Each structure stands twice: as C-alpha cells, then as structure tokens.
Amino acid sequence: MVDLAPHTATSPWFKDNARTALADAELQNALKFVEANFIARRREVAGQLPEFELLRDSARDIRDHTLAHLDLYLAAYEKRVVEHGGHVHYAVTGEDAQRIVLGICRKLGARTVTKGKSMVAEEIGLNDFLEAHGVIPVETDLGEYIVQLRQEMPSHIIAPAVHLTKAQIESEFRRVHTHLPRDRNLAEPTSLLAEARAVLREKFLTADVGITGANFLVAETGTSVIVTNEGNGDLTQTLPRAHIVLASIEKLVPTLEDLSQLLRVLARSATGQEMSVYTTLSTGPRRPDDPDGPAEYHVVLLDNGRSSMLGGAFRDMLRCIRCGACMNHCPIYHAVGGHAYGWVYSGPMGAVLTPSLIGIDRAGHLPNASTFCGRCEEVCPVRIPLPRMMRSWREREFEQHLSPATVRSGLAFWAFFAKRPRLYGIATAAAARLLGFVGRRWGRFAWLPLASGWTRHRDFPAPQGATFQAQWKSAERGRLARSYVSSAGGQSGKGTGGTDGRDRRAPGPPP
Amino acid sequence: MAEPMARRVGLFVTCLVDLIRPSVGFAAATLLEDAGCTVEVPPQSCCGQPAFNSGDRATAREIAAQVIVAFAPYDYVVAPSGSCAGMLKVHYPELFRGDPNWQPHADALAEKTYELVSFLVDVCGLDRVKARLEATATYHDSCSSLRELGVRDQPRRLLATVEGLRLAEMRDTEVCCGFGGTFCVKYPEISNAIVAKKAAAIAATGADLLLAGDLGCLMNMAGKLQRDGAKIEARHVAEVLAGMTHEPAIGVPPRRGAA
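Quick note, the sequences are listed as chains Z and L, same order.
Using numbering that gives the first Met the number 0, the letters of the first sequence correspond one by one to residues 0 to 510.
Using numbering that gives the first Met the number 0, the letters of the second sequence correspond one by one to residues 0 to 258.
In case anyone wonders, no lab produced these hints; they're calculated from the structure.
Fair warning: there could be bad hints in the mix.
Pulled a few chain Z residues facing chain L out of the computed Cβ check, cut under 8 Å [to be verified]:
(1) A17
(2) T19
(3) G442
(4) W446
(5) G452
Here are the simulated BS3-like cross-link-like pairs (lysine-lysine), alpha carbons at most 25 Å apart as the crow flies [unchecked claim]:
(6) L:K230 <-> Z:K14
(7) Z:K14 <-> L:K196
(8) Z:K106 <-> Z:K78
(9) L:K185 <-> L:K196
(10) L:K111 <-> Z:K418
(11) L:K185 <-> Z:K418
(12) Z:K31 <-> L:K111
(13) L:K196 <-> Z:K165
Remember, it's a predicted structure, so these values are computed and weren't measured experimentally.
Note that CB positions come from ideal geometry on N, CA and C, so glycine has one too.
Given only the sequences and the hints, what does the whole structure look like? Please build it.
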C-alpha cells in the first residue's frame with residue numbers, strides 16, 4: 000500500500016514528477032479523456048440551464064454563510080444526528096480520525112470494511128492505517144478499486160483512475176483476479192465493470208463496517224449525503240452492521256433546500272450530468288420499520304487544519320464542493336495529470352489546499368505551477384478565486400524566503416532597473432541594440448544564455464533594434480524640429496530613418 | 000476643431016514591445032491617433048507583473064506607484080496587451096486595497112486603463128479599419144484579455160474589416176498557450192507541452208498568420224512554431240489593424256538589403 004500520510008507526499012519533487020508524467024505515453028493518452036469529455040459536457044449542460052450563473056452565486060453564498068456560522072451549524076447537526084440515534088466523533092487531526100475509526104471497527108470485531116469513495120480517507124491515509132492494524136479495507140468505487148489494486152493514490156478527486164487506459168485496467172484485473180478463467184473476454188469497458196461488480200459483490204456481503212465520505216452534511220436534519228454513479232456507496236452504507244461517515248467539518252450546509260441548490264451545480268460542474276445517478280441521503284441507523292440499513296451510524300468529523308483556515312487568507316477554499324471542474328479545465332493538469340502534484344488533492348484546488356494541509360515548505364511548487372490562465376476560477380461552481388489564492392501562497396513563500404535563490408536574485412536584479420525607468424531605458428536600449436545586432440541575421444535565437452528554459456523548446460525572437468521608447472523620443476525630437484522648421488517657413492525636416500516620425504508609419508516596404 | 004476635444008492617451012507600451020518589437024508600439028500609436036486621440040509616452044519600465052506573480056508584493060507596489068504617478072495626467076491609459084492592461088486595471092486596486100493614500104489613485108488609474116483593441120472599439124467607437132492584407136489568419140485569445148478584461152469580439156470585429164483577410168478560428172482558442180510569464184522558464188517542460196498542443200491547433204486551421212493581442216503569448220507560440228519548422232507567421236493584431244505589416248513577422252529576419 001502507498002502511505003498517504005502527509006510526510007510521504009512527493010509534492011517537493013513536483014518537477015521530477017511532472018517530467019516523468021510528460022514522458023509517460025500511456026498517461027498522456029489517458030489524460031486526453033479529461034480534455035475531450037468533461038469540458039464539453041459541462042459546457043453543454045450548463046448552457047441548458049439559463050439560471051446556472053445565478054445558481055453559482057447562490058451556491059457561493061450558501062457556502063459563505065455556512066462557514067461564517069460553522070460552529071452553530073456543527074452543533075445543530077450533531078444534535079440531530081444524536082436525536083436519530085447516531086454518534087458524532089470530533090477528530091482534530093488525521094491520527095485522531097484514524098484512531099476513532101479503528102476503535103469502532105475493533106468494538107465490532109470487524110475484519111473487512113467496504114469503502115465508498117472518500118477523499119478525506121485518502122487525506123488521512125486511512126487504508127494503510129487499517130491494514131496495519133489488521134482490518135482489510137476494500138474500495139468499492141470502480142476507480143478507487145483499481146487504484147487500490149495498483150497501490151496508487153487517486154489522480155483525480157472524482158475520477159480516481161482517470162490516469163489509466165482501458166488496457167492497463169484489463170491487465171491489472173488479469174493480474175489480480177486469478178480465480179477467473181484466463182481466456183475471458185475483457186475487451187469492453189462493460190465487461191471490466193461486470194467483473195469488478197462480481198468480485199465486489201462478495202465483499203459487500205462479508206463486510207462488517209462500511210465507510211463512506213460525504214458530499215454534504217445537512218444541519219437541519221442531521222443527514223449525510225453522497226452522490227455517486229455506481230451505486231456502490233449505497234451498498235457500502237446499508238449492508239454492513241455499521242456505517243461510518245468520514246467527513247471534514249466544512250461539508251455542512253444549513254438546510255435541505257440549500258442542499259438542493261448545491262446539488263444543481265455539483266454534478267453539472269463535475270461530470271456534466273444534471274444529477275449524478277445516485278444521490279443518497281442517510282439519517283441515523285436503521286429504524287425498526289426500515290427494510291434495511293446499518294445497526295450503528297457514526298459520523299467522524301475531521302478538522303485537520305480547516306478551522307485555522309477559517310480566519311485566514313485561504314478561507315474561500317473551504318467553499319470547495321470537490322467537483323473537480325478546476326482540474327478538468329486546467330492546462331497544467333491536462334499536461335501532467337494528478338499524481339505529479341504528489342499528494343491527495345491535485346489541480347488548482349490542490350494547489351491551494353495542499354499547502355494548507357501539508358505546509359507551503361513542502362507543497363511550494365503547486366501554487367507556482369500555474370500560468371494564472373484563470374480558467375479554473377471561470378468554471379468553479381462556488382466561485383473560489385483560485386489564482387488569487389495561489390498568488391497568496393507565492394507571497395507567503397516569498398516572505399518566508401522559501402522561493403529559490405535564483406528566482407529571488409533574478410527578481411532583485413530586474414526590480415533594480417524596473418524601479419528606475421530612466422536607468423531601465425538606458426539598460427534596455429543597450430540590450431536591445433546588442434541582441435538586435437547579434438540576432439539580426441536569423442531574426443531569432445535558438446539558444447540564449449540564461450534563457451535555456453525558453454530556448455530548449457522554442458526560438459526567441461531577436462529585438463528589432465532600438466527600443467520603442469528610444470525611437471519614440473527621437474521621433475518626438477524630429478517632430479518638434481519639423482514643426483519649428485515649418486513654422487519658420489523652411490523645408491520640413493526629414494525623419495532620421497528607422498521607424499521615426501509620423502512618418503512613424505514610415506518604413507514602408509522597400510521599393 | 001477636433002484637436003482640443005481629442006482624448007489624451009498615455010501609451011503603456013509594455014516592456015516586451017519596448018524591447019523586442021517596437022513596431023507594435025508604433026502600430027498602436029497610429030491606430031490611436033487615427034481614432035482621434037493624442038498619444039504620449041511617459042518614461043516607463045514594466046507593469047510589475049513579474050514581481051506580483053512571484054509573490055514580491057512590496058516591489059510590485061513600488062513599481063505600481065511609479066506607473067500610477069507617471070500616467071496620472073492622461074485621460075486614458077492604453078496598452079497593446081491584455082496582460083499588462085489587466086495588471087493595471089484589475090490588480091493595482093488589489094495591491095493598494097485599504098491604503099487610504101494610494102487606493103483612490105489606483106482605482107482612478109484602473110478606471111481609465113484599457114487594452115488597445117477594446118479601447119478602440121468600446122471607447123472610440125471604431126467599427127472598421129483601413130487596412131489590407133492578403134492572408135488567412137487565426138486569432139488566439141490571451142487569457143488576461145479574455146478572462147480578466149472580457150475582450151473577445153472586439154479584435155474579431157475589426158479584423159473582419161481588413162480587406163483580403165480571412166479568419167479561421169482554431170479549436171480551443173480560449174485555452175492558455177502555456178506562456179504564463181515566468182512560468183514558462185520555471186516549468187519549461189510543462190510550458191512546452193501546453194504550447195505544443197497550441198501549435199498543433201494553430202497548424203490545424205491551415206492559416207498562414209497567427210494573431211494575438213499579447214506579445215508574450217505571441218513570442219511563445221511563434222517560437223514553438225518556428226522550432227517545429229511550421230511556415231506560419233505571427234504578428235500582433237495591432238500591426239494588421241494599422242496596416243503596418245511591412246516589418247518582418249515575429250522572429251523573422253529582415254529581408255536582405257532592407258534597412
């Protein structure tokens with residue numbers, strides 16, 4: 000198993016991860032799916048809903064309101080859960096949450112737990128922990144099941160195995176499901192799904208505890224909500240004796256009405272569906288006249304640094320409803336995939352959230368690896384200003400002297416001139432003339448000292464010659480001289496050649 | 000008669016145009032003058048984005064203050080770049096938010112700052128240009144122009160009036176080219192992967208000319224196309240709109256014998 004605890008994050012080696020990812024032909028092939036599918040589907044389904052932009056405003060406002068009164072809503076939620084016969088456990092750290100979950104499993108003598116997809120479980124490295132303590136976790140979401148088999152972490156918060164091709168999944172199934180006939184046909188995605196279903200069906204029936212995450216927790220009713228497309232979450236939470244909901248504290252929403260508003264933007268933003276196939280609301284354990292359901296219902300509420308984000312610069316990040324739209328639209332994510340980010344959360348939301356959770360000293364690359372193209376913010380259903388917050392991380396890094404020495408000294412050198420426009424003018428005029436002279440023959444450079452990052456992959460254009468400001472100034476002088484000469488009734492002066500004068504239109508095509 | 004009414008524009012030429020491609024600055028000045036503005040160029044360096052985006056807020060603020068002072072006298076500030084105009088218009092007010100001395104000045108500068116083509120269309124009411132160019136062009140939307148300033152239709156509307164010019168839209172024209180300022184040298188491999196996709200999208204249009212409103216993006220895309228050996232020229236949209244395409248395209252050497 001991969002240990003997902005923060006200390007094993009490979010985020011500090013983002014650059015190496017990215018290089019590996021770019022050279023991985025199969026990964027590159029698999030990543031095409033993200034660009035080709037999610038974006039067009041979201042655009043289509045959002046376009047069909049005239050009030051979609053208003054719904055985004057409303058979703059943002061609901062999340063902001065909840066965060067502003069989170070203490071009240073947590074208390075109200077807890078009260079309702081308990082009224083319905085459930086248990087609420089508060090976990091300050093990931094270790095606390097691990098211990099609480101293990102405690103419940105031990106009390107029930109559980110040996111196998113089934114799991115619905117939960118990013119919070121990934122965040123605290125729950126699978127490794129349970130396994131190390133003799134409890135076998137079985138992921139039941141198809142994508143999660145596949146990455147569990149491969150001992151990987153999810154590469155996307157809603158599509159855990161999006162980094163894999165169908166052929167890779169087939170070979171993984173053949174490697175692990177050795178009890179099945181070797182000559183079985185797994186060419187179609189549906190046959191892969193059927194095989195996973197058959198294998199998992201058995202696990203569902205033998206599991207003692209089911210663990211799910213929660214997309215939302217409703218304070219009004221004490222309800223946990225999951226949205227899935229496979230139905231695995233329902234089986235995970237209704238078949239075993241106990242259902243544990245593992246969720247972070249910011250998942251609260253005040254009312255069912257608020258929930259319905261958020262659901263309207265969630266699936267549309269995520270997969271481009273109007274609604275996910277299953278939207279399952281659970282309130283407490285099985286009641287006497289319920290046909291099914293768990294005998295015990297536990298909620299583990301994880302803080303893990305979130306309450307300290309509430310009062311700070313990254314509070315807006317807590318609005319996130321984990322739809323994945325930001326990564327679906329991110330050119331960096333499209334290029335390197337989710338694993339390169341080195342920890343649980345990837346793409347723009349990961350670039351903002353990961354430093355909050357594992358430290359900017361370890362996750363510094365993530366908010367830097369962005370062109371600030373702004374597409375993430377453009378599609379975020381709760382309008383999180385992701386680029387602005389990535390910039391805030393860069394500011395912290397700079398303040399704490401964590402940015403690389405070469406960046407700092409380069410910046411200082413440039414800033415020295417940029418703060419002194421006249422000196423800047425002299426320096427750039429000299430640079431432009433020199434580069435312009437050297438590069439004149441070919442019009443561009445295939446290699447430049449100190450700019451190999453650029454010239455390794457592209458040519459760099461040679462400057463045309465004198466800087467604009469230098470030319471403009473001499474043109475102004477020419478113009479003044481001209482007006483002086485013409486007002487004195489003499490001959491109009493001639494431009495000094497080049498791109499001078501209003502004659503600025505000048506250098507026409509050579510005769 | 001028109002002279003005293005003329006809009007007084009301070010041209011924020013941008014550091015890349017100043018250093019690499021002054022002809023874009025002259026094209027911008029020509030377009031502005033033809034639209035009835037008077038154009039002045041106060042001494043200037045850079046908008047401060049490299050510092051701002053590297054987290055060096057103090058330096059960014061110093062440079063911003065200098066720009067605010069230098070451009071205070073003008074009715075408008077116009078830049079042939081969505082990125083630099085966006086810095087002045089969107090991010091300067093952020094830099095000075097809550098500062099009682101500077102915020103009003105930053106807001107005032109933001110209020111009167113425009114990207115060149117949107118200024119010509121939205122403020123000057125320009126709806127056609129007198130230019131001619133036999134070419135098939137494809138236009139790349141720079142991220143800042145598109146998403147920070149909402150510039151999309153304006154350049155296309157004016158380009159449609161250039162005699163002889165056909166416009167062939169590329170797929171994913173709203174997707175970043177991978178330049179990202181210092182990003183392209185800090186993460187060169189990723190930047191390369193992104194611009195490679197962009198170059199393929201450009202080539203797929205069959206266009207012989209790539210246009211955009213930001214020199215940074217253009218240098219990135221042109222540099223990649225040239226490294227790949229593609230025979231597609233790249234120019235700033237202002238050059239075409241001003242009819243000033245006699246200068247060699249970006250990264251192309253001057254013809255032998257030409258001055």
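Results for each hint:
Checking A17 (chain Z) against chain L by beta carbon gives a least distance of about 6 Å; that is within 8 Å, so the hint holds. Annotation: interface hint on T19 (chain Z) violated; nearest CB of chain L at approximately 10 Å, more than 8 Å. With 8 Å as the threshold, the beta carbon of G442 (chain Z) comes within range of chain L, its nearest partner Cβ sitting at about 3 Å, so the hint holds. For W446 (chain Z), the shortest C-beta to C-beta distance to chain L is roughly 11 Å, which exceeds 8 Å, and the interface hint is violated.
The restraint placing G452 (chain Z) at the interface with chain L holds, with a minimum CB-CB distance near 4 Å, inside the 8 Å limit. Our distance criterion of 25 Å between C-alpha atoms is broken by K230 (chain L) and K14 (chain Z), whose separation comes to about 32 Å. Proximity of K14 (chain Z) to K196 (chain L) is assessed by CA-CA distance (about 20 Å); at most 25 Å being required, the pair is judged to hold. Under the criterion of a C-alpha separation no larger than 25 Å, the hint pairing K106 (chain Z) with K78 (chain Z) is consistent with the structure, at around 24 Å.
Under the criterion of a C-alpha separation no larger than 25 Å, the hint pairing K185 (chain L) with K196 (chain L) is consistent with the structure, at around 19 Å. Simply put, K111 (chain L) and K418 (chain Z) have alpha-carbon atoms about 23 Å apart, close enough for the 25 Å limit, and the pair holds. A distance of roughly 23 Å separates the Cα atoms of K185 (chain L) and K418 (chain Z); the hinted pair therefore holds under the 25 Å criterion. Straight-line distance between C-alpha atoms of K31 (chain Z) and K111 (chain L) comes to about 42 Å, which puts the hinted pair past the 25 Å bound.
For the proposed pair K196 (chain L) and K165 (chain Z), the alpha carbon gap of about 24 Å is at most 25 Å, so the pair holds.
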